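Enquirer: Residue numbers (my numbering), protein chains in the order written: chain U, 438 to 567; chain Z, 438 to 567; chain V, 438 to 567; chain D, 438 to 567; chain C, 438 to 567; chain G, 438 to 567.
Any given hint might turn out to be false.
If chains are identical, the list can't say which one is meant, so a pair holds when it fits in one copy or spans any two.
What the hints assert, rightly or not - BS3-like mimics (lysine-lysine), calculated; alpha carbons at most 25 angstroms apart, straight line: (1) K456 <-> K514; (2) K565 <-> K514; (3) K514 <-> K466; (4) K514 <-> K493; (5) K554 <-> K514; (6) K562 <-> K466; (7) K456 <-> K554; (8) K451 <-> K565; (9) K466 <-> K565; (10) K466 <-> K554; (11) K565 <-> K456; (12) K514 <-> K562; (13) K456 <-> K493; (14) K451 <-> K514.
In case anyone wonders, no lab produced these hints; they're calculated from the structure.
Every value quoted in this text rests on a predicted model; they were computed, and no experiment measured them.
There are 6 protein chains.
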Amino acid sequence: MVSNRYDRGLEKLKEIDGKAGERVIESLKDISPDFARYLIEFPFGDIYSRTGLDLKSREIATVAALVAMGNALPQLKVHINGALNVGCSRTEVIEVIIQMAVYAGFPAALNGMMTAKEVFDERNKRGKSC
Amino acid sequence: MVSNRYDRGLEKLKEIDGKAGERVIESLKDISPDFARYLIEFPFGDIYSRTGLDLKSREIATVAALVAMGNALPQLKVHINGALNVGCSRTEVIEVIIQMAVYAGFPAALNGMMTAKEVFDERNKRGKSC
Amino acid sequence: MVSNRYDRGLEKLKEIDGKAGERVIESLKDISPDFARYLIEFPFGDIYSRTGLDLKSREIATVAALVAMGNALPQLKVHINGALNVGCSRTEVIEVIIQMAVYAGFPAALNGMMTAKEVFDERNKRGKSC
Amino acid sequence: MVSNRYDRGLEKLKEIDGKAGERVIESLKDISPDFARYLIEFPFGDIYSRTGLDLKSREIATVAALVAMGNALPQLKVHINGALNVGCSRTEVIEVIIQMAVYAGFPAALNGMMTAKEVFDERNKRGKSC
Amino acid sequence: MVSNRYDRGLEKLKEIDGKAGERVIESLKDISPDFARYLIEFPFGDIYSRTGLDLKSREIATVAALVAMGNALPQLKVHINGALNVGCSRTEVIEVIIQMAVYAGFPAALNGMMTAKEVFDERNKRGKSC
Amino acid sequence: MVSNRYDRGLEKLKEIDGKAGERVIESLKDISPDFARYLIEFPFGDIYSRTGLDLKSREIATVAALVAMGNALPQLKVHINGALNVGCSRTEVIEVIIQMAVYAGFPAALNGMMTAKEVFDERNKRGKSC
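Can you build the whole structure from these sequences, using the hints too?
Expert: Next comes the structure, spelled out in structure tokens:
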């Protein structure tokens with residue numbers, strides 16, 4: 438029943454989100470394994486696996502959107518980690534967040550910044566240099 | 438009364454948005470020249486003029502946010518043009534829009550796609566290759 | 438069947454929105470007279486009829502919210518007129534809209550400004566001084 | 438290259454949206470055939486094809502969400518038609534829209550009502566009794 | 438001062454939300470008893486008491502809207518309970534939430550799913566079979 | 438490097454938000470001092486320092502917008518305090534929040550009300566009469 442989209446998606450999820458992505462999938466297993474499967478197949482198996490835009494730019498787009506929408510802070514945390522995992526510098530993440538003050542207002546940017554702070558602190562504790 | 442932020446912003450606005458940006462500023466002149474000035478000074482004079490993130494990545498972030506928010510189609514049109522003006526390919530713009538289906542749903546992505554189609558058609562008429 | 442809330446609401450609606458409010462109610466008559474009734478009873482009969490906050494401040498709150506939410510431009514138009522009808526100056530309306538750039542971003546404020554421009558132009562044509 | 442998800446999705450799309458759905462897909466063909474494919478495969482091939490919730494309830498959920506979000510009126514129009522196509526009465530559609538005044542405010546419900554009015558008028562012209 | 442709308446609303450509130458609804462009303466008593474009254478009168482006394490759409494479909498619409506809007510998780514929790522109280526199965530609730538990935542994106546659906554998980558766990562502890 | 442806009446903004450921030458505003462700025466110092474500076478310069482140095490609308494009306498507009506948007510509760514808390522600090526009564530704050538039920542729905546108003554309750558409780562503990 439596991440399709441190629443699933444395998445490709447799982448690999449991509451691990452590349453981007455590492456353990457955090459796996460934990461999300463794990464937490465869905467008992468409530469809706471189908472939703473867990475869609476989450477791997479469509480976003481990661483279909484979309485993030487596409488050519489045409491490099492993974493770093495994809496994560497910039499996602500961080501921007503999640504900061505702007507402002508109602509998905511847990512996912513923003515996962516994708517700030519994701520951005521750093523695929524080659525964005527901390528400075529680049531911060532620049533994206535600052536820029537969102539222009540498009541979604543200062544509260545959205547401020548909440549995004551606080552989320553970035555949390556992520557950076559956790560990565561510091563794990564000895565990550567970026 | 439014109440600050441350095443203003444001059445720097447006006448230059449950056451022209452670099453990104455060309456005539457479209459100037460038309461927006463012009464349309465604000467009789468209703469609120471102060472707002473026109475802020476629009477140049479803060480987004481363009483302060484933010485887009487920053488180092489730390491290249492202009493192409495900034496436009497990817499803006500296109501992503503405007504597609505996701507879904508209530509600013511005129512500005513999205515300006516920034517799809519902006520993205521193409523500063524070095525994004527049409528393919529990259531389309532990839533960003535497709536990706537927003539994951540974060541903001543298919544209607545937001547679909548409306549973004551229709552806006553991109555309009556922009557590409559207009560640029561074709563003006564003989565632009567990208 | 439017409440309650441006191443209805444009569445009080447209709448009077449308040451006329452005070453704030455004038456003809457525009459009546460046209461909205463009229464347009465609902467054949468599709469959902471019940472919704473037209475709720476629209477008069479709850480917002481206007483219950484809320485705008487309350488003491489505790491003056492009508493001018495109520496319209497400032499509504500204009501701010503509709504600019505910030507950004508997905509209700511027809512209603513924003515009605516309430517910019519409403520604000521002017523109950524004693525706000527054009528300057529005050531513009532100040533509220535500019536301020537929304539801080540909380541909801543420049544595109545929301547810009548779209549609000551264009552709506553204000555439309556309203557002011559129409560009022561000029563009708564010979565209104567404010 | 439056409440998967441089972443695609444065939445199943447196309448059939449489901451026709452069942453729900455009729456010609457309107459096909460026109461959306463058609464309009465995407467020259468700008469992003471891949472997005473057109475995803476639009477068929479994931480929403481219609483994967484989700485609307487699921488058991489566990491009847492199609493009428495699915496359309497009630499979609500109409501509710503699109504009215505509440507308020508930034509996808511073209512899609513709302515398609516799905517009000519969809520709701521009527523799969524067995525909702527006009528009264529039920531109107532009830533869903535009225536109810537959204539509670540959760541997303543009166544402007545969202547009012548804009549939804551105007552969209553329903555448009556759809557009902559078009560269906561009347563086409564001689565549809567519901 | 439208590440109207441028929443109030444009595445009818447309170448009864449409907451208890452039917453849908455049980456103790457959770459009463460707790461919300463209780464928590465409003467010292468800050469704004471008027472708002473508590475409106476909350477009973479308009480949503481429950483006026484809207485949920487209407488004929489034309491069955492209560493189960495009304496809760497499906499509400500769960501869909503609250504998941505899609507994504508900024509009202511406490512109310513979503515109340516209405517997932519409400520949906521189950523008036524006859525939706527857990528499967529139906531989960532289907533509505535999955536479907537919102539299409540219209541409001543995966544983060545909104547994922548946050549909705551986590552809220553459902555919380556509700557189901559609490560109901561399990563209280564020995565509820567659905 | 439500190440501009441007049443900065444000094445003017447810092448003074449205005451203290452006038453409106455008191456200690457809470459300073460704490461926000463402090464918390465940004467190690468992650469993005471530039472964003473802290475923009476937050477003082479543009480919202481407070483440029484916008485709140487403008488004439489044309491009194492500070493009390495500005496805070497009414499901000500509270501309305503933040504309640505309606507619903508995704509910025511920490512900032513709403515700061516600005517409910519701000520509204521009270523610059524001359525709004527608790528009653529006026531509550532009226533603004535109730536009114537948002539009309540424009541953004543009952544959940545947004547309810548969450549705003551719970552935030553106001555928190556703020557009032559804290560001010561009571563600090564012996565503030567309003």
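Enquirer: Look at each hint and say if it fits the structure.
Expert: These are the hints, each one checked on the structure:
For a Cα distance limit of 25 angstroms, the shortest separation of K456 from K514 inside one copy, 13 angstroms, qualifies, whereas the shortest one across copies, 28 angstroms, does not. In this assembly of identical chains, K565 and K514 lie within 25 angstroms of each other by CA distance solely inside one copy; the values are 16 angstroms within and 34 angstroms between copies. Within a single copy, K514 and K466 get their C-alpha atoms as close as 21 angstroms, and across copies as close as 20 angstroms, so both meet the 25 angstroms cut-off. For a Cα distance limit of 25 angstroms, the shortest separation of K514 from K493 qualifies both inside one copy, at 16 angstroms, and across copies, at 24 angstroms.
Taking the shortest Cα distances, K554 and K514 sit within 25 angstroms of each other both inside one copy (10 angstroms) and across copies (21 angstroms). Taking identical chains as interchangeable, the C-alpha atoms of K562 and K466 lie at most 25 angstroms apart only when they sit on different chains, with a minimum of 20 angstroms there against 29 angstroms within one chain. When the C-alpha separation of K456 and K554 is checked against a cutoff of 25 angstroms, the pair qualifies both within a copy, at 19 angstroms, and between copies, at 21 angstroms. Within a single copy, K451 and K565 get their C-alpha atoms as close as 17 angstroms, which meets the 25 angstroms cut-off; across copies the closest is 37 angstroms, which misses it.
For the identical chains of this complex, K466 and K565 are inter-copy neighbours only, at 21 angstroms across copies versus 30 angstroms inside a copy, given an alpha-carbon limit of 25 angstroms. Taking identical chains as interchangeable, the C-alpha atoms of K466 and K554 lie at most 25 angstroms apart only when they sit on different chains, with a minimum of 11 angstroms there against 30 angstroms within one chain. For the identical chains of this complex, K565 and K456 are intra-copy neighbours only, at 15 angstroms inside a copy versus 34 angstroms across copies, given an alpha-carbon limit of 25 angstroms. When the C-alpha separation of K514 and K562 is checked against a cutoff of 25 angstroms, the pair qualifies only within one copy, where the shortest distance is 16 angstroms, while the shortest distance between copies is 31 angstroms.
For the homomeric pair K456 and K493, the shortest alpha-carbon distance inside one copy (19 angstroms) is at most 25 angstroms, but the shortest distance between copies (30 angstroms) is not. For the homomeric pair K451 and K514, the shortest alpha-carbon distance inside one copy (15 angstroms) is at most 25 angstroms, but the shortest distance between copies (31 angstroms) is not.
The structure is consistent with each of the numbered hints, conforming to all of them.
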